[in-house]
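*Asks:* Starting from the known structure of chain C, fit chain A onto it as the hints suggest.
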Amino acid sequence: MQMITKEYLTGRLSKGLRDDNRTPFSYRTISIRTNEIPNAEGSAIVELGNTKVLAGIKLDVSEPMRDTPEDGNITTSAELLPMADENYDIGPPTPIGVEFARVVDRGIRAAGILDTSKLFIEEGKVWSVFIDLYVLNNDGNIFDAGTLAAMAALKTCRMPKYENGLVIRETQERLTTNNIVTSCTFVKVPGAKIIDPTSNEEELADARITIANDFDVIRAMQKGMSGAFTTKEVNELIETTFDKSKELVNILKKNTGD
Amino acid sequence: MKGNIELIKNGKRLDGRLAGDLRDIKIKTNVVKNAQGSAYIEWGNNKIIAAVHGPSEALPRHTANPNKAVVKCRYMMAPFSSSEEHGRSGMNRRAIEISKVTGEVFENVILRDQFPGTEINLYIEVLQSDGGTRAAGITCAAVALAASGIPMRDLPYSVSAGKVGDTVILDLNKIEDNYSDADMPVAILPRNNEIVLLQMDGSLTTKQYSDAMELIIESGKKISAIQRTALLEPYVASENKNKG
Chain C
1 MQMITKEYLT GRLSKGLRDD NRTPFSYRTI SIRTNEIPNA EGSAIVELGN
51 TKVLAGIKLD VSEPMRDTPE DGNITTSAEL LPMADENYDI GPPTPIGVEF
101 ARVVDRGIRA AGILDTSKLF IEEGKVWSVF IDLYVLNNDG NIFDAGTLAA
151 MAALKTCRMP KYENGLVIRE TQERLTTNNI VTSCTFVKVP GAKIIDPTSN
201 EEELADARIT IANDFDVIRA MQKGMSGAFT TKEVNELIET TFDKSKELVN
251 ILKKNTGD
Chain A
1001 MKGNIELIKN GKRLDGRLAG DLRDIKIKTN VVKNAQGSAY IEWGNNKIIA
1051 AVHGPSEALP RHTANPNKAV VKCRYMMAPF SSSEEHGRSG MNRRAIEISK
1101 VTGEVFENVI LRDQFPGTEI NLYIEVLQSD GGTRAAGITC AAVALAASGI
1151 PMRDLPYSVS AGKVGDTVIL DLNKIEDNYS DADMPVAILP RNNEIVLLQM
1201 DGSLTTKQYS DAMELIIESG KKISAIQRTA LLEPYVASEN KNKG
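Taken in order, these protein sequences are the chains called C and A. Everything in the first sequence is counted per this note's numbering, starting at 1 for the first residue and increasing by one. Everything in the second sequence is counted per this note's numbering, starting at 1001 for the first residue and increasing by one.
Pulled out of the complex, with its shape left as it was, chain C reads as follows (with noise of 0.2 Å):
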């Protein structure tokens, strides 16, 4: 970021305003498009401002866990693609990618969204469920993002059917989720507390919390970056998470047709 930049951003962040004229506890404009890549079972491109992701799921018949014999998996991975990004390199996951995919990934299984034990099919047979995270565009809060991506496919996903040794795809029937994780992430820039973060907000921040919760039960929460909360800090952020994800949950709901 430009010197220019950084000091004009942070002038009018310790006004409270920010650089697109939004409150500090407000949301850019989200949208939520299902079933983009048909031939995945689920999928869904949830663009928050200009940050894009896409998540893709599919549906495979595996192993279970040697501790969990009567259980399906979920695995999230994902990747920050080096279109979407110029600090994105290739290569091996590096350790914020690594992070993105498990703080969406915690969300969704301590809410309880898939019921592992629906997912057993025979001894020694069981559903993995992969969902892949892919970050298109950059422009700051990956995170909700990709749990709004995530938690939209699988509201919209297929559920296969398995029978003598075959795999069948094309079926009307859906996977059986429960509730509804969403998550809200802030950041601490000078002077302030912000949701939602853009590239450049990121950038200037020296803390960022990202928390999970459906209704008012918290369901995940993580810090991030090398800056501190207070107690009371994140005691407030919590309150406006519980109050926020009514929004991303209705949009969540109003384009998965639920």
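Please keep in mind that the hints were generated in silico from the structure rather than gathered at the bench. Predicted, not measured: the structure shown is a model, and the values here were computed from it. Some clues are possibly wrong.
Below, computed lysine-lysine pairings styled on PhoX-like, alpha-carbon distance capped at 25 Å [unchecked claim]:
#, chain 1, residue 1, chain 2, residue 2
1, A, K1012, A, K1241
2, A, K1047, A, K1174
3, A, K1221, A, K1012
4, A, K1012, A, K1207
5, A, K1222, C, K232
6, C, K6, A, K1068
7, C, K193, C, K6
8, C, K125, C, K161
9, A, K1012, A, K1028
10, A, K1100, A, K1174
11, A, K1174, A, K1221
12, A, K1028, A, K1241
13, C, K232, A, K1047
14, C, K232, A, K1221
15, C, K232, C, K193
16, C, K193, A, K1207
17, C, K253, C, K52
18, A, K1222, C, K193
19, A, K1221, A, K1047
20, C, K246, A, K1207
21, C, K52, C, K232
Output of the computed footprint for chain C on chain A, the stretches with three or more beta carbons under 8 Å from beta carbons of chain C [claimed, not checked]:
#, region
22, 1087-1098
23, 1158-1166
24, 1188-1195
Just so it is clear, CB atoms sit at the ideal spot from N, CA and C, and this is done for glycine as well.
*Replies:* Structure of chain A alone, referenced to chain C:
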């Protein structure tokens, strides 16, 4: 409660602790002679070594920051460290994430602008694990850093709290972690109780979250005291020797 193991019976946990009790913690400094600073922690059945190398020239060069030191942290579990099967060697995704958030804790506390262009390497090796290794690792690494003489603005400690049924408990061990309804590792700077690490998954109401945070901060007094005693121990010992 998840699963069918009764984790709390008549108010007592499987290992006899009450809800707000810590496991026994022992810390010893200077256990790795080649390191700038090091510490060994036994936290319940966890056994962890933390060692600090540096500050030294940041390599490769492009990783250097001309204004301050960069902290490179690696948390790793030995393949033989768990009571279950042989783990895979090297870094898995969990270890990458823990290394990242742990590194961020120490980026916060180290006075990094005193060492521009350098790197500080922090290694946390889990030799035996029994739940809460990232918290024990951070608590141990803080002591290793202090022992190395690298200046810090505070001595962080870390501990996790969680929930079994409706009971909020402190310092979950492996079996409690596996069957609990929430787990929340936190790292705190004790001087003003700033939160420098916060992770959580499971389910917590706001009240349960506050209760968990209260247990953590209350127990921090004990953990900080153990850290300080460990740091003083070599000096106390040599002073006694001189007297004797």
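*Asks:* Does each hint fit the structure? Answer for all of them.
*Replies:* For each hint, the structure was consulted:
The hinted pair formed by K1012(A) and K1241(A) fails the criterion: a straight-line CA distance of about 43 Å is larger than 25 Å. For the hint pairing K1047(A) with K1174(A), the CA-to-CA distance comes to about 13 Å; that is within 25 Å, so the pair holds. Taking the CA atoms of K1221(A) and K1012(A), the gap is near 23 Å; set against the 25 Å cutoff, the hint holds. With a C-alpha separation of about 22 Å, the suggested pair K1012(A) and K1207(A) falls inside the 25 Å cut-off, and the hint holds.
At most 25 Å may separate the alpha-carbon atoms for a hinted pair to count; K1222(A) and K232(C) meet this at roughly 23 Å. For the given pair, K6(C) sits about 20 Å from K1068(A) by alpha-carbon distance, which is consistent with the 25 Å threshold. Restraint check for K193(C) and K6(C): the C-alpha separation of about 17 Å stays at or below 25 Å, so the hint holds. The suggested pairing of K125(C) with K161(C) holds, with an alpha-carbon distance near 13 Å, which does not exceed 25 Å.
Between K1012(A) and K1028(A) the CA atoms are separated by roughly 30 Å; this puts the pair beyond 25 Å, and the hint is violated. The hinted pair formed by K1100(A) and K1174(A) meets the criterion: a straight-line CA distance of about 22 Å does not exceed 25 Å. Restraint check: the Cα-Cα separation between K1174(A) and K1221(A) comes to about 24 Å, which is no more than 25 Å; the hinted pair holds. Of the pairs offered as hints, the one joining K1028(A) and K1241(A) holds, with about 18 Å between alpha carbons and a cut-off of 25 Å not exceeded.
Taking the CA atoms of K232(C) and K1047(A), the gap is near 34 Å; set against the 25 Å cutoff, the hint is violated. For the given pair, K232(C) sits about 20 Å from K1221(A) by alpha-carbon distance, which is consistent with the 25 Å threshold. As the CA atoms of K232(C) and K193(C) are separated by approximately 13 Å, the hinted pair is consistent with the 25 Å bound. Restraint check: the Cα-Cα separation between K193(C) and K1207(A) comes to about 23 Å, which is no more than 25 Å; the hinted pair holds.
Taking the CA atoms of K253(C) and K52(C), the gap is near 19 Å; set against the 25 Å cutoff, the hint holds. For the suggested pair K1222(A) and K193(C), the alpha carbons sit about 32 Å apart, so the restraint of at most 25 Å is broken. With a C-alpha separation of about 22 Å, the suggested pairing of K1221(A) with K1047(A) holds against the 25 Å cut-off. Proximity of K246(C) to K1207(A) is assessed by CA-CA distance (about 20 Å); at most 25 Å being required, the pair is judged to hold.
Proximity of K52(C) to K232(C) is assessed by CA-CA distance (about 32 Å); at most 25 Å being required, the pair is judged violated. Proximity of the region 1087-1098 of chain A to chain C, defined as three or more residues with a beta carbon under 8 Å from a beta carbon of that chain, is established by the 4 residues found. For the region 1158-1166 of chain A, the stated coverage by chain C is violated: 0 residues have a C-beta nearer than 8 Å to a C-beta of that chain, whereas at least 3 were required. Using a Cβ-Cβ cut-off of 8 Å, 5 residues of the region 1188-1195 of chain A lie near chain C, which meets the minimum of three, so the contact claim holds.
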